[in-house]
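Undergrad: Letter by letter, the chains look like this.
6 protein chains.
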Amino acid sequence: MSSTPQIITFNQMRESLYAAVVSDALDAAGYRSQSCAAPLTNLTGGASVLVGRAKTTLWEDLDHEDPEPYKLELKAVDSCQADDIFIAAAHGSNRSGVWGELLTTASRNGGCVGAIVDGFVRDTAPMSQMKFPVFARGTNVYDSLHRQRVTAIDIPVEIGGVTFNPGDLIIADADGIVVVPQKVEEEVIRAAWEKVHAENITRDAIRDGMSATDAYNKYGIL
Amino acid sequence: MSSTPQIITFNQMRESLYAAVVSDALDAAGYRSQSCAAPLTNLTGGASVLVGRAKTTLWEDLDHEDPEPYKLELKAVDSCQADDIFIAAAHGSNRSGVWGELLTTASRNGGCVGAIVDGFVRDTAPMSQMKFPVFARGTNVYDSLHRQRVTAIDIPVEIGGVTFNPGDLIIADADGIVVVPQKVEEEVIRAAWEKVHAENITRDAIRDGMSATDAYNKYGIL
Amino acid sequence: MSSTPQIITFNQMRESLYAAVVSDALDAAGYRSQSCAAPLTNLTGGASVLVGRAKTTLWEDLDHEDPEPYKLELKAVDSCQADDIFIAAAHGSNRSGVWGELLTTASRNGGCVGAIVDGFVRDTAPMSQMKFPVFARGTNVYDSLHRQRVTAIDIPVEIGGVTFNPGDLIIADADGIVVVPQKVEEEVIRAAWEKVHAENITRDAIRDGMSATDAYNKYGIL
Amino acid sequence: MSSTPQIITFNQMRESLYAAVVSDALDAAGYRSQSCAAPLTNLTGGASVLVGRAKTTLWEDLDHEDPEPYKLELKAVDSCQADDIFIAAAHGSNRSGVWGELLTTASRNGGCVGAIVDGFVRDTAPMSQMKFPVFARGTNVYDSLHRQRVTAIDIPVEIGGVTFNPGDLIIADADGIVVVPQKVEEEVIRAAWEKVHAENITRDAIRDGMSATDAYNKYGIL
Amino acid sequence: MSSTPQIITFNQMRESLYAAVVSDALDAAGYRSQSCAAPLTNLTGGASVLVGRAKTTLWEDLDHEDPEPYKLELKAVDSCQADDIFIAAAHGSNRSGVWGELLTTASRNGGCVGAIVDGFVRDTAPMSQMKFPVFARGTNVYDSLHRQRVTAIDIPVEIGGVTFNPGDLIIADADGIVVVPQKVEEEVIRAAWEKVHAENITRDAIRDGMSATDAYNKYGIL
Amino acid sequence: MSSTPQIITFNQMRESLYAAVVSDALDAAGYRSQSCAAPLTNLTGGASVLVGRAKTTLWEDLDHEDPEPYKLELKAVDSCQADDIFIAAAHGSNRSGVWGELLTTASRNGGCVGAIVDGFVRDTAPMSQMKFPVFARGTNVYDSLHRQRVTAIDIPVEIGGVTFNPGDLIIADADGIVVVPQKVEEEVIRAAWEKVHAENITRDAIRDGMSATDAYNKYGIL
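Chains as they are written, first to last, in the working numbering: chain R, 74 to 295; chain U, 74 to 295; chain Y, 74 to 295; chain F, 74 to 295; chain A, 74 to 295; chain S, 74 to 295.
Treat the hints with care, as some may be off.
Because identical chains cannot be distinguished in the list, a pair is counted as satisfied if it fits within a single copy or across any two copies.
[Claimed, not checked] Below, computed lysine-lysine pairings styled on DSS-like, alpha-carbon distance capped at 30 Å:
no., residue 1, residue 2
1, K268, K204
2, K204, K148
3, K148, K291
4, K268, K148
5, K256, K148
6, K144, K291
7, K291, K268
8, K144, K268
9, K291, K256
10, K291, K204
11, K256, K268
12, K204, K144
If you're looking for bench data, these hints aren't it; they were derived computationally from the structure.
With these hints in hand, go ahead and build the complete structure from the sequences.
TA: Now the structure itself:
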């Protein structure tokens with residue numbers, strides 16, 4: 074880890090990076106509002122750090138018979154590709170569980186690595202067994218049929234004050250969900266990588282007895 | 074008011090009825106969940122009791138360039154008819170002000186008598202001057218353009234736990250918003266009319282010094 | 074107003090005192106938590122300052138046929154005496170409107186001067202016409218029948234973190250609701266009376282151009 | 074699991090059913106509002122699916138010395154029978170922890186299999202060790218003495234918009250809490266049982282690579 | 074109003090502009106997040122549109138004896154100048170009423186025209202009589218002494234997701250509170266002025282019977 | 074455990090006491106409001122019961138360049154002593170993560186045993202591995218730099234309605250956080266110790282089949 078690699082792969086990010094350090098690198102680059110304010114937590118476990126690219130869907134609530142239920146939802150799930158994260162912008166609606174076991178199983182066929190739902194989900198027990206990370210507001214047993222539906226896919230969506238563009242790099246873990254805008258992606262990931270290294274040195278110094286004040290004065294990190 | 078008329082017109086309802094007494098009549102008919110639980114208040118004044126039929130629209134939030142902005146919204150506004158109440162089911166979204174002065178002006182051309190918005194509105198000052206009742210969650214200065222849009226019109230929608238079917242009779246005042254299902258409409262309005270009469274007698278007796286206990290024992294009303 | 078009277082009557086309090094100055098006097102006496110934290114507002118207007126003694130009732134929600142509906146509620150209303158304020162501790166429940174026009178009419182027969190409801194009420198329009206102050210969380214059109222009921226009267230109750238003992242002096246206005254414990258009532262009301270006088274002098278000095286800093290240094294009041 | 078048994082026992086339900094599939098069967102039977110909207114979660118672990126019949130209690134808050142503390146609460150706990158689930162309708166009050174270790178121990182003597190509390194509980198650590206499932210809003214260290222009490226037992230109660238009648242069948246797991254009305258109990262449990270079987274076939278097909286779209290077109294399940 | 078003046082004065086803004094039209098002009102300039110998301114309302118009436126420049130203060134909660142109470146608060150109030158709006162960034166704290174009658178009186182000596190408080194205030198009745206607009210979350214009777222205090226003045230502060238820099242132009246009315254960044258101030262105010270003119274034409278056309286669809290197609294405004 | 078020791082050490086408290094029983098002892102001593110009402114949970118695991126003395130810090134939000142970032146925060150961390158619990162009174166602000174891995178490492182050098190944060194934290198994964206208990210509202214990935222800062226240390230602070238004085242004894246576990254005022258500390262801890270013993274006898278009796286009613290009548294404990 075002493076020198077930064079030329080190209081940092083998804084698997085290298087999963088091993089070394091985490092949401093807080095990427096957020097610090099975004100801060101330093103002047104992007105201070107890239108973390109979702111919505112109360113989403115990882116309900117199913119799985120990877121300690123979820124890294125991938127946004128596959129976006131927009132949802133709406135309804136209260137009438139939907140003539141074509143599930144249509145766009147199925148299209149989105151079946152078009153997932155390697156390292157995609159399924160993004161469901163459902164505006165926090167608690168009307169049904171919009172993601173579940175069968176969608177997980179199908180999306181993984183294409184290479185989907187997790188789901189971020191600004192809403193509620195169901196089938197959390199089998200999804201936990203599948204070690205598929207699902208960030209959501211909570212659980213809801215109701216089927217989405219005639220309660221919620223996808224109205225658009227592969228467009229920019231907003232969750233918790235942050236825009237997720239299709240293909241944006243996402244880093245999510247127990248501390249939060251961070252979106253990296255594409256035009257600073259390379260610079261930010263490189264800076265985060267280097268900050269991880271510097272933090273390790275600082276932590277070791279403190280663990281060896283250095284005070285926080287001295288460590289901050291010496292390394293400039295907290 | 075001593076005998077109930079054969080047909081009770083909208084204007085008669087506006088003079089004699091109010092939301093609480095219609096709710097009591099619905100209770101007595103076994104419909105105990107016909108009042109919106111959403112925190113909507115009349116932000117613009119106007120009629121003390123808003124009575125009319127539901128003209129429904131369904132809204133969604135978005136965060137991308139809408140290729141056909143305002144399309145269904147304009148269609149809904151321009152198709153309003155006499156005694157319609159514009160119903161905007163926007164799921165409580167605080168993303169923009171979805172109703173305002175120009176929409177009010179246009180909807181009134183067709184005979185629209187008020188708006189009920191499960192969301193936020195703007196231009197409250199001119200709408201107050203127009204004495205057009207607008208029930209909503211609050212105000213938001215943002216234009217709805219690329220923030221919210223209508224996705225369906227003239228379908229059943231849900232606000233605060235109650236379904237508004239197109240054409241349903243609505244009674245709304247400072248106490249709340251009540252929806253009368255069409256199959257019991259005639260029976261419920263008649264019963265409410267009669268209860269208003271009985272309440273007047275009870276109130277007079279109490280005002281003349283009768284205790285609440287005695288009045289309830291004698292008239293069975295509280 | 075230059076010298077404090079020996080005995081300060083309810084009507085004198087209504088003319089000269091207000092909630093904030095009584096709260097300041099309670100602060101000075103070491104009682105720093107005597108204002109309700111619950112979001113209650115005066116929904117019906119009436120007196121600009123409501124002053125009286127607590128007539129307490131405790132409420133519960135229910136969802137079954139109540140064999141003796143309204144029983145204790147009627148007893149409480151019919152036993153109200155001069156300068157009583159009806160206190161309904163309903164734990165903020167939005168299940169029905171627990172206070173309304175007929176109860177207002179009946180309670181006024183005994184001398185009740187207002188109501189403070191930690192819950193919701195209905196019939197706000199006629200109660201406004203009666204100029205009867207009702208502080209509550211909001212409005213709800215549902216009748217309380219089989220939804221909420223009184224389970225005890227004339228006992229200590231808690232609203233928004235403050236205990237209301239039967240007979241406690243209450244001062245409520247647009248700024249909030251303050252409860253004066255009986256053992257410091259005389260001392261606190263006297264101190265509030267004197268602070269009103271001192272504030273008038275300070276305000277006049279500032280209005281004449283004195284800076285806030287100079288006024289505070291000179292009079293010690295803000 | 075290939076053919077549905079004549080009678081489905083509680084233990085068979087615990088092995089094969091879960092809340093979401095029972096909710097889907099209720100949906101299909103026209104019961105679309107049988108899941109609690111209150112934010113209750115299983116705080117103590119234990120059975121992955123809690124199945125039993127409702128033993129109901131109604132609670133109220135108080136702020137005065139209770140002359141007969143615990144009276145009805147003890148009666149309810151001591152009258153629990155095999156496969157009962159203790160239901161505490163406390164209206165979400167965060168005034169104390171109304172359920173705890175000693176009540177758990179006592180209720181299990183009669184055969185109680187879990188507790189659903191629309192409120193807060195304490196002693197979560199020992200209840201976790203006892204593997205006794207407790208669904209609640211959260212934890213509160215305060216004793217219920219003089220803070221909350223039971224006012225009625227074995228009557229219908231409401232939690233999160235759903236009525237729990239005494240004896241109603243309850244299915245609760247990580248996804249939510251579902252109440253099955255008695256008049257459709259047999260039909261709904263049978264339909265849920267059959268849907269579990271069909272879902273297994275669909276899941277296997279998707280896991281073998283079938284797209285979600287094809288699977289839905291073929292099996293009609295999502 | 075037919076041609077835009079070279080320089081638009083504060084008084085001209087107060088007569089012709091309002092928050093929604095300024096927000097639309099900011100939208101068009103690419104500033105789509107300049108309206109406070111905090112739930113602040115005008116509690117005291119006064120000017121229908123509040124226009125001025127931000128005089129900022131930062132507040133914190135405390136729970137200990139403050140050795141220098143009111144110090145920075147008095148300094149800020151006494152340094153207010155013509156057309157200033159007092160901005161109190163108190164993070165929504167409901168710990169006391171941080172603004173009141175004496176501060177209003179003193180700040181007006183320097184020319185302050187209103188207050189925007191992300192927190193709570195008291196003395197609403199006399200401030201209403203003074204026609205001094207105060208936007209806040211609500212009312213709280215407690216004195217700020219030893220409960221809240223100013224920790225910095227004349228620095229950038231954040232309310233409801235928007236940064237208020239010292240001197241920023243503020244437009245606030247019943248629809249919301251809009252902050253105009255200084256580098257686009259001239260352009261945005263000019264564009265708003267012109268939009269008001271165009272809206273008047275559109276409104277008149279609709280009022281004369283043109284449908285909303287036709288008006289939007291012709292004038293491009295909604 | 075049959076007889077109470079003369080002096081009860083921190084380690085003995087950690088082995089035998091828990092928050093609920095200490096709360097009951099405080100209740101009996103007339104201290105009925107010593108538990109935090111703020112929704113803080115243990116996000117990192119570690120000790121099942123956290124026992125120590127309050128090391129207090131007061132935080133404020135900011136939105137400007139802080140000329141001396143981290144200054145008081147570092148001072149507080151570096152002055153932690155054996156059995157201290159770091160208390161961060163940040164008023165529930167969700168503006169950043171105010172506590173994290175490096176602060177944990179440094180505070181442990183002095184003997185700090187846990188942190189209670191009325192706000193949000195980050196680096197939950199490494200803090201969990203360190204088995205360092207952190208009670209907080211949730212997680213937030215943002216660095217506190219220029220977002221939040223410490224403004225005072227070693228003063229009384231308030232969290233969730235309870236005052237934490239420097240040096241106060243704290244007992245925190247999954248049920249809640251309890252503060253023991255110093256003047257009743259010895260008496261309360263002794264009473265809690267004895268109640269644990271009595272509860273064990275009661276629990277054993279119930280486990281052996283005694284009804285809850287009989288056990289309560291015999292032992293007076295529930």
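Undergrad: Next step is simple, just say for each hint if it's right about the structure.
TA: So, going through the hints one by one against the coordinates:
no.	hint	verdict
1	K268 <-> K204	both (29 Å within a copy, 24 Å between copies)
2	K204 <-> K148	within (24 Å within a copy, 42 Å between copies)
3	K148 <-> K291	between (54 Å within a copy, 16 Å between copies)
4	K268 <-> K148	between (40 Å within a copy, 24 Å between copies)
5	K256 <-> K148	within (28 Å within a copy, 39 Å between copies)
6	K144 <-> K291	between (58 Å within a copy, 14 Å between copies)
7	K291 <-> K268	within (15 Å within a copy, 52 Å between copies)
8	K144 <-> K268	between (44 Å within a copy, 21 Å between copies)
9	K291 <-> K256	neither (32 Å within a copy, 39 Å between copies)
10	K291 <-> K204	between (41 Å within a copy, 27 Å between copies)
11	K256 <-> K268	within (20 Å within a copy, 34 Å between copies)
12	K204 <-> K144	within (27 Å within a copy, 42 Å between copies)
When held up to the earlier numbered hints, the structure conflicts with hint 9 and nothing else.
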